[in-house]
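J.: The two chains are supplied separately, each in an independent frame; assemble them into the complex guided by the hints.
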Amino acid sequence: MSKFKKDKSKSQPGVSTASLPDIVFMLLFFFMVTTTMKEVTKQVEVRPVKASESQKIRKKSLVDYIYVGALLDKSKGNAYAIQLDDQLYPDERGIQSWKTEQLEKRSQQERGDVVTSLKIDKKARMGVVSKIKEELRDVNALKINYSANKDIRPTY
Amino acid sequence: MAKRQIPEINAGSMADIAFLLLIFFLVTTTMDVDQGISAVLPQKIENQSPIVIKKRNILVVKANKFDMLMVNGEETPLEGLYQKTREFYVHAENEELPSLITITPGLAKEKVLTFKSWHEQRPEIQAYKDSLEEWTERYRAVEIFGAYQELPKNAIISFQNDNATSYEVYVAVRNELERAINDMRNELTLRAWNIKFQDLDPDKLEEKEKIKIVRRVIPQRVAERAPTKNAEE
Numbered sequence: 000m001s002k003f004k005k006d007k008s009k010s011q012p013g014v015s016t017a018s019l020p021d022i023v024f025m026l027l028f029f030f031m032v033t034t035t036m037k038e039v040t041k042q043v044e045v046r047p048v049k050a051s052e053s054q055k056i057r058k059k060s061l062v063d064y065i066y067v068g069a070l071l072d073k074s075k076g077n078a079y080a081i082q083l084d085d086q087l088y089p090d091e092r093g094i095q096s097w098k099t100e101q102l103e104k105r106s107q108q109e110r111g112d113v114v115t116s117l118k119i120d121k122k123a124r125m126g127v128v129s130k131i132k133e134e135l136r137d138v139n140a141l142k143i144n145y146s147a148n149k150d151i152r153p154t155y
Numbered sequence: 000m001a002k003r004q005i006p007e008i009n010a011g012s013m014a015d016i017a018f019l020l021l022i023f024f025l026v027t028t029t030m031d032v033d034q035g036i037s038a039v040l041p042q043k044i045e046n047q048s049p050i051v052i053k054k055r056n057i058l059v060v061k062a063n064k065f066d067m068l069m070v071n072g073e074e075t076p077l078e079g080l081y082q083k084t085r086e087f088y089v090h091a092e093n094e095e096l097p098s099l100i101t102i103t104p105g106l107a108k109e110k111v112l113t114f115k116s117w118h119e120q121r122p123e124i125q126a127y128k129d130s131l132e133e134w135t136e137r138y139r140a141v142e143i144f145g146a147y148q149e150l151p152k153n154a155i156i157s158f159q160n161d162n163a164t165s166y167e168v169y170v171a172v173r174n175e176l177e178r179a180i181n182d183m184r185n186e187l188t189l190r191a192w193n194i195k196f197q198d199l200d201p202d203k204l205e206e207k208e209k210i211k212i213v214r215r216v217i218p219q220r221v222a223e224r225a226p227t228k229n230a231e232e
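Residue numbers (numbering that gives the first Met the number 0), protein chains in the order written: chain A, 0 to 155; chain B, 0 to 232.
It should be emphasised that the hints constitute simulated quantities derived from the structure, not laboratory data.
Certain hints may be false.
To be verified - Simulated coverage check for chain B against chain A, where a stretch passes if three residues somewhere in it have a Cβ under 8 Å from a Cβ of chain A:
| # | stretch |
| --- | --- |
| 1 | 7-15 |
| 2 | 38-49 |
| 3 | 159-172 |
| 4 | 177-184 |
All C-beta atoms, glycine included, are put in the ideal place defined by N, C-alpha and C.
Extracted from the complex, chain B is given alone in its bound form (with noise of 0.2 Å):
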């Protein structure tokens, strides 16, 4: 009775059992993966006062309930749109282009040391701190990139709808405008650091900071106006 053979157990049924939790996995679960365009909703400010922008400052895309489009006053097909978007960014100087400030070593050190120096001598002044902020990563943006030009400041793409667009041609639009804005930064950090900017990983602190350089010289200001009213037009 020192050794007894102990009888192996039969994995004949193992099949049946990885058959059975194959099928109940089938069923459970879906293919789609999660994807899609993000978006950031603007916060809620009670009683805001309009703000008034020049009219060259803005790129003013509608949608009408006939699924048409409108850039600047010109009807155009949604294919004109991307190359309208980067004309916006990017463009020799015009009277109904915004006018685009060139950012040069000189000037960004320049600001740099005077914001410096004002947010020693105010730390508490918000605006300093900020400006010194922006004149940082521009300064940073101006060592990678070179001299380059930049949308004012208060330059905004105007999105407006109707309520009677359809979801379909909202996504559409707003597609074109991301990948005129990706494609634009694609280029600075694929020439820069032979990387696509999607790529950048905000959760690594060195890209992240590379992102918010990025996002300074190609800002993405998408404003969303109000639809118009079905009845309307």
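Isolated chain A (complex conformation) (with noise of 0.2 Å):
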């Protein structure tokens, strides 16, 4: 039985941490592969609508965002804003300038398959996004995606 018994009087030798770096970079690369940069920050609170039919878009490169949403700054009041890029609009018209400096950054080629993604907060009315939807069809952008996170599909 002694056979087995260990010798506690030897110290145990410490933990390798040779492949911590290995690990480390492992998760790194996870988290490239897995994440998009940032677009902008957030100024305004998009609680996302889920959609069974959800797909996602096809070219990055080729999208602009549009969020609706109620302020996330309290301070300024409770109201629902329009964010294009980093500036803030209380309503739609600032969306035709915007547009158009956001299609002229691109080839005469990609214009038409340019997709303008909707970001808008699930109780957001449907009369804000109607006037987005008109200016964006004043501009002639449109291709547009509403914004959805995948549903599981109902059974009905």
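T.: This is the structure we're talking about:
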């Protein structure tokens, strides 16, 4: 029996940390692959809607974002605002000039494929959404995407 | 002095550097992927005259300011919309629903030949060219799926919401319409090619052709009417 007894007097060797960089690099690559760069700092609260038919946008480089939601900075009140890049607008009037500017950044061939992704709070009213859509139609930016998180398919 | 031992670079700080990079990425990136329901807005046309469509050829979906739904004049819960949409596309002859056109191999072939000869005689007329294209697609569809029934050309789903309808309900309705249409398309593609409609890649020429054919059989025609004003209802 004593054959298996360990010699208690010997000190335990320290855990080797040689593989720690590898582990951390692995984590790093995982995050680099699965995440995307932040487009802007959100200044409005957007509680996303859910939809079972939600699909990924194919070309990420050809997407512009419009955010609609209540202001995160509660000291400015509870009103809904539209955020375009880092600018906040109380109504839809800033959209046309912003969108035209965005389209001009792209080459002629790409312009028709640019998608405007609407990230809108679920409790927003359709009045503001309709107005945004009208503005986009005015500048002939017709492809839109109602941003929605993937939901499980209902059974009914 | 021929060979000098080069000291090994100390890799002890490698972990720290990697951690630093990791933390940088954690802070600057977001997890959420870009996904959603795509739509194409109608082009702006000045002074457009209203189009008259027979009542039976429209599936009228309305959402009011209380987020309640009405489908063809009947109050319907969101759960019922899927079934009604499918019914609009596929149903037995019924006076209140559009009369479907049965496309048979014989009919498709005949039409293709007719429009082909017309197009050859008058290549400048766009309508002949379009019709030829349409019927060629239908002919291909009949070859693949067998005889099928198609919605008449002017049949549409009309969706109208109120200015006070919540965005959540609006997206839910669009989603249900999309789901019904996607399911019908998937049934076709799964049967014929054992692939889901969404998995067809428009960048591949052959699959692009398939997408066109499926879209011809199950067209997605959702038109949005100008929203009702809050005060009206």
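J.: So, for every hint listed, does it hold in this structure?
T.: Hints, one by one, checked against the model:
Counting residues of the stretch 7-15 of chain B whose beta carbon lies closer than 8 Å to any beta carbon of chain A gives 3, which meets the minimum of three for the stated coverage. A count of 6 residues in the stretch 38-49 of chain B with a Cβ less than 8 Å from any Cβ of chain A is obtained; the coverage claim is therefore met, three being the minimum. A count of 11 residues in the stretch 159-172 of chain B with a Cβ less than 8 Å from any Cβ of chain A is obtained; the coverage claim is therefore met, three being the minimum. Counting residues of the stretch 177-184 of chain B whose CB lies closer than 8 Å to any CB of chain A gives 3, so the stated coverage by that chain holds, three being the minimum.
In this structure, every one of the numbered hints holds.
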